[in-house]
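Q: Protein sequence lines correspond, in order, to chains A and B.
By the count of this note's numbering, the first sequence reaches residue 111 at its end, each step adding exactly one.
By the count of this note's numbering, the second sequence reaches residue 1577 at its end, each step adding exactly one.
No wet-lab data here; the hints were simulated from the structure.
One or more hints might be untrue.
One side only, chain A facing chain B, incomplete, derived with CB under 8 Å [as the list claims (entries may be wrong)]:
{"id": "1", "residue": "Pro9"}
{"id": "2", "residue": "Pro10"}
{"id": "3", "residue": "Ser11"}
{"id": "4", "residue": "Cys14"}
{"id": "5", "residue": "Gly17"}
{"id": "6", "residue": "Gln44"}
{"id": "7", "residue": "Pro46"}
{"id": "8", "residue": "Tyr48"}
{"id": "9", "residue": "His51"}
{"id": "10", "residue": "Lys98"}
{"id": "11", "residue": "Leu99"}
{"id": "12", "residue": "Thr100"}
{"id": "13", "residue": "Phe101"}
{"id": "14", "residue": "Lys103"}
Heads up, the beta-carbon is just placed ideally off N, CA and C, and yes, glycines get one too.
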Amino acid sequence: DAKTTQPPSMDCAEGRAANLPCNHSTISGNEYVYWYRQIHSQGPQYIIHGLKNNETNEMASLIITEDRKSSTLILPHATLRDTAVYYCIVAGANSKLTFGKGITLSVRP
Amino acid sequence: GAVVSQHPSRVICKSGTSVKIECRSLDFQATTMFWYRQFPKKSLMLMATSNEGSKATYEQGVEKDKFLINHASLTLSTLTVTSAHPEDSSFYICSARGGTGDEEAFFGQGTRLTVV
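Chain A extracted, bound-state conformation:
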């Protein structure tokens, strides 16, 4: 599976949009981009995934560049409860999910 690169941390103000970047320059044509987050001492929570097109659900939006080499997870109105480690994972359909170090998002009041 292709590797991903994420900054180690970022912060944003409560109520503002949080834009979390991810690079996956070696992604192959049949690999999806998945985003999960983990709040301390809990199991990871699924957020969103996509292949080529941008995706939106009740939690977030996923913007994938046209060349698919990078993507951005957008939390439109961050709250304190969105403070977590966010993992960007690239994997084929029905393949195992390999977690990197993720990005620690801190939402400040």
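Given the coordinates of chain A, assemble chain B onto it according to the supplied hints.
A: Same frame as chain A, now just chain B:
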């Protein structure tokens, strides 16, 4: 999203004993289940992948005789840590995935194992 239930959430056991952790998919059939472990302030490390009715595939460096995985039904997988030692103390997390397409995997709440 779908629900994956993991039990127990916390367990303390004595060195040399075995501990079984259960992972259940409550509202979908999990054709594939994954087991991870996580050390403090570290990322999740995949231990093994299991498909219902077949033997688990272990990642390099994971002892299959120590971490026994059973995936006997489409809704239940178990991880047994045999002859536990203090260095096996960790956070163990299961994940379940249904279907054969791009379906997302859902995770249990994790099990905190402490071996004393």
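Q: Need the list of violated hint numbers for this structure, in ascending order.
A: Checked against the structure, the hints that fail are numbers 1, 2, 3, 4 and 5, while the rest are satisfied.
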